[in-house]
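K.L.:
Keeping their order, the protein sequence lines are chains A and B. According to the numbering used here, the first sequence is numbered sequentially starting from 1. According to the numbering used here, the second sequence is numbered sequentially starting from 1001.
These are computed hints drawn from the structure, not numbers from a lab. Treat each hint with caution, since some may be false.
Unchecked claim - Cβ pair distances, simulated, as ranges:
#	chain 1	residue 1	chain 2	residue 2	range
1	B	P1094	A	T245	47 to 57 Å
2	A	A98	B	R1185	54 to 64 Å
3	A	R185	B	R1019	18 to 28 Å
4	B	R1185	A	G266	37 to 47 Å
5	A	V390	B	R1185	49 to 59 Å
6	B	I1392	A	A352	21 to 31 Å
7	B	P1094	A	A241	22 to 32 Å
8	B	H1255	A	G238	14 to 24 Å
9	B	D1285	A	R189	35 to 45 Å
10	B	D1192	A	D192	54 to 64 Å
11	B	V1390	A	R189	33 to 43 Å
Stated by the list, open to error - One side of the interface only, derived from the structure: several residues of chain B facing chain A at Cβ under 8 Å:
#	residue
12	M1070
13	V1074
14	G1075
15	I1422
Claimed, not checked - Lysine to aspartate or glutamate pairs mimicking DMTMM-like chemistry, simulated, CA-CA at most 25 Å apart:
#	chain 1	residue 1	chain 2	residue 2
16	A	K61	B	E1155
17	B	K1126	A	E129
18	A	K126	B	E1129
19	A	K126	A	E77
20	B	K1126	B	D1100
21	A	K61	B	D1357
22	A	K377	A	D357
23	A	K61	B	D1192
24	A	K16	A	D357
Don't be surprised by glycine CBs; every beta carbon is placed ideally from N, CA and C.
There are 2 protein chains.
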Amino acid sequence: MVVIGGGFGGLQAVLKLRRAPVEVTLVDRRNFHLFQPLTYQVATGALSPGEIAYPLRAIFKRNRNVRVLMAEVVGFELDARQVLLAPVVAAGGPATIAYDTLVVGGGSQYSYFGHDEWRAEAAEVKSLESAISVRNRLLAAFEAAELESNNARREPWLTFVVVGAGPTGVEMAGQIGELARDTLRRDFRTIDPRTARILLVEAADRVLTTFPPSLSAKAARSLERLGVTVLTGRTVVGVEAGGVTVADGSGSSQHIASRTVIWAAGVTASSLATQLGELTGAEVDPAGRVTVEPDLTLPGRSEVFALGDMVRVRSATGEPIVFPGVAPVAMQQGRYVAKAIRDRLRSRATPAFRYRDKGNLATIGRRAAVADIKGLKLSGSIAWLTWLLVHIWYLIGFQNRLLVAIRWTSSFTTHGRGTRLIAGPDWRRELDERS
Amino acid sequence: MVVIGGGFGGLQAVLKLRRAPVEVTLVDRRNFHLFQPLTYQVATGALSPGEIAYPLRAIFKRNRNVRVLMAEVVGFELDARQVLLAPVVAAGGPATIAYDTLVVGGGSQYSYFGHDEWRAEAAEVKSLESAISVRNRLLAAFEAAELESNNARREPWLTFVVVGAGPTGVEMAGQIGELARDTLRRDFRTIDPRTARILLVEAADRVLTTFPPSLSAKAARSLERLGVTVLTGRTVVGVEAGGVTVADGSGSSQHIASRTVIWAAGVTASSLATQLGELTGAEVDPAGRVTVEPDLTLPGRSEVFALGDMVRVRSATGEPIVFPGVAPVAMQQGRYVAKAIRDRLRSRATPAFRYRDKGNLATIGRRAAVADIKGLKLSGSIAWLTWLLVHIWYLIGFQNRLLVAIRWTSSFTTHGRGTRLIAGPDWRRELDERS
């Protein structure tokens, strides 16, 4: 069998099949599993990339029935039961790979409301590379402000706009607040980083719309304590080199001069979802998600599973359900698919996939988080501690857990962020292009 | 006063002056101090970049008399006592900075025997970026070999050439040996990484020429146990996309087909050294080092100090001395310059700089190292443990010490390397260009 994608869904599927009598090929274009919920911490210098990524080959090194193939998936031939591949390293590698069972977890990426030209200015933090790029931009903005003697030109360097107030946007805004008000407080001699403006722009009328309104209000208050200005009911209608234009419901618009815009609004599913939709006739929604059957297979293709945030799942009543695009959903779906495959080997039936919602967590900053656990609403230190333990627990690899625990303990006690480096092979060119 | 360069020399100078009644501006084009002796560990996936780099601003955040300026130094006007700057972040910042006292620690870079065109193929591991680039190439070579079905085309992917058997070259070759024979041993299903050929090419007749011959022989044996073939008495005369050409003393030459060549031979001083030589009439040697007076000042410019591996130091007899290009030399020179400046404030004389050689250390792999400590020759586990403790001790920041200690303990016990990621903003383009 072939599993596409070493994200949360694909990884769980392979982990739960590694001791089953199956031969698994895990295809990914990257050689590591990324703990995506913490990429924003790389973007703000709190963690080092190697601490939230783990080599896929290392995970399965003792499982001779699991093979990792570093390649990009470009298409499918479902009748021939083949996946079409493009090489990632050198020109080598097979052009196709055959499967008896296929699991597709292609994930999603940020969409820019159809304005792909915004991408260059408004960086996102989904991949490790984009997180490093955001880190370079954030830190370089403070450096540029320190060097800029003209007040009018300095201000846009000290204005940070985060678009989208879902968990990632809230976390990013909160972390920039901490960076400015706490970590960098004593670092400069000309500017006072605490004067930085951090704006969180959200189209809805509150932050964290997937949480109960009372927790949204608590999160907004925590953000404001960190110096973040929450602008709800505002839509971004333009992103230029010098800032963003936001419009409110009344039709009036406002330009915000900012040199650092971070995008955390709206995702679109992997193009593999659309391809699977076209090949099987399964419905594809406007966000590019393909609709799978209640058992996560494609219609008429019981040997093809799809999972994670690239799918909607048809319910028993036929209605498609959009589960939140979070790790627990993908992980449960991965484990479900593994179980379904093991059941098939024993000719057992598997009941439809059911998502067990264990709760919803978002962190804002030091001892500030909100948690909605089966109706139990938590905020402040207790929610933050829960968030902390859950995230350390789910990190792959004991070493990473320990390293992240130390980084966080140290950040908490010293208010420092050790990895605030302007670095990466592109650091110089990146800064040049934006100056 | 102005200190150029936040390397080992410049950093020590500022550290030892931060409580003195002076105003210091530390100029660096990067925002961090890099623990360069461990960059090769980033290159082989043993450490994460953030673990061997530390933000300069964080080091001096509590010292209001120390200002960090992120800019590139492009020249000097010694009569006007000014340093000429070029911006690194955005277009902002001053074009010049005035000094009463100047300390220049510009460091060095790898030279390619006058063949700068070799640089693209033969990567080095001096900067954080080049180390990440080498890591990507090393790991991608194994991935490419796994995917390559043609034996003749696979072999160059599994052939690694390290040029230069000084400490860095020996460490790199040893680490690639460990990577192939130990860390990656179980990672692949088609290739056996243990069949990788690792060649260490050295022009001299032994490795580690700065060590006593008996330790060179021990190091060579340790390397061979890790599967490294040591080719001494061989000079690289060509580096192409497909490999290197080496010539021996007899005039015959040999082509080695390899897709991964790492350069660790021959450094040239920062161009700032040549500039200072031209401006003051101080001698500049073929490696670009400027000759400073016994008190590390430039001739006729007692207010300008230069230090580190961009200088030779004139001895009492007038003969220039080349100290080894290692951290302890630069650190002692940095502390010396700080003391000289404090002495001047009190109108005291400072005796000439004297290097206290505390010993010479090089590591090859697990429990394999050599140490020459004031004539005491150590090898094996005891030398390795000494190396380990010295390197952890000298890392900047308690957090980094702890993180590196954990990474190493974990690598030692599990034989793993957690950060073997093919990543960085350029990862895809880099692989594309080389395929």
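K.L.:
State for each hint whether it applies.
P.N.:
Status of each hint after checking the structure:
1. A C-beta distance of roughly 33 Å is found between P1094 (chain B) and T245 (chain A), which places it outside the suggested range of 47 to 57 Å.
2. Range check, A98 (chain A) to R1185 (chain B): about 28 Å between beta-carbon atoms, so the 54 to 64 Å window is missed.
3. For R185 (chain A) paired with R1019 (chain B), a C-beta distance near 21 Å keeps the hint of 18 to 28 Å intact.
4. Between R1185 (chain B) and G266 (chain A) the beta carbon distance is about 44 Å. The supplied range of 37 to 47 Å therefore holds.
5. For V390 (chain A) paired with R1185 (chain B), a C-beta distance near 34 Å fails the hint of 49 to 59 Å.
6. Restraint check, I1392 (chain B) to A352 (chain A): a C-beta distance of roughly 54 Å breaks the suggested window 21 to 31 Å.
7. Separation of P1094 (chain B) from A241 (chain A) is about 24 Å and conforms to the stated range, judged on CB atoms against 22 to 32 Å.
8. Between H1255 (chain B) and G238 (chain A) the CB atoms are about 57 Å apart, so this pair departs from the stated range of 14 to 24 Å.
9. Hint check: D1285 (chain B) to R189 (chain A), Cβ distance near 38 Å, so the stated range 35 to 45 Å holds.
10. For D1192 (chain B) and D192 (chain A), the hinted distance range of 54 to 64 Å is satisfied, since their beta carbons lie about 59 Å from each other.
11. The supplied range of 33 to 43 Å is met by V1390 (chain B) and R189 (chain A), whose beta-carbon atoms lie about 34 Å from each other.
12. With a cut of 8 Å, the hint placing M1070 (chain B) at the interface with chain A holds, because the nearest CB-to-CB distance is about 5 Å.
13. At about 15 Å, the closest approach between the beta carbon of V1074 (chain B) and any beta carbon in chain A exceeds 8 Å, and the interface hint on this residue is violated.
14. At a threshold of 8 Å, the smallest CB-CB gap from G1075 (chain B) to chain A is about 19 Å, leaving the interface hint violated.
15. Because the smallest distance between the Cβ of I1422 (chain B) and any Cβ of chain A comes to about 5 Å, under 8 Å, the interface hint for this residue holds.
16. For the suggested pair K61 (chain A) and E1155 (chain B), the alpha carbons sit about 23 Å apart, so the restraint of at most 25 Å is met.
17. Between the alpha carbons of K1126 (chain B) and E129 (chain A) the distance comes to roughly 22 Å, so the proposed pair stays at or under 25 Å and holds.
18. The suggested pairing of K126 (chain A) with E1129 (chain B) holds, with an alpha-carbon distance near 22 Å, which does not exceed 25 Å.
19. Distance hint between K126 (chain A) and E77 (chain A) is unfulfilled; the C-alpha atoms sit about 29 Å from each other, more than 25 Å.
20. Of the supplied pair hints, the one linking K1126 (chain B) and D1100 (chain B) is violated, its CA atoms being roughly 32 Å apart against a limit of 25 Å.
21. The straight-line distance between the Cα atoms of K61 (chain A) and D1357 (chain B) is roughly 45 Å, outside the 25 Å bound, and the hint therefore fails.
22. This hinted pair checks out: K377 (chain A) and D357 (chain A) have alpha carbons roughly 14 Å apart, not beyond 25 Å.
23. Of the pairs offered as hints, the one joining K61 (chain A) and D1192 (chain B) holds, with about 13 Å between alpha carbons and a cut-off of 25 Å not exceeded.
24. About 20 Å separates the Cα atoms of K16 (chain A) and D357 (chain A), which keeps this hinted pair within 25 Å; it holds.
The earlier numbered hints that this structure contradicts are 1, 2, 5, 6, 8, 13, 14, 19, 20 and 21.
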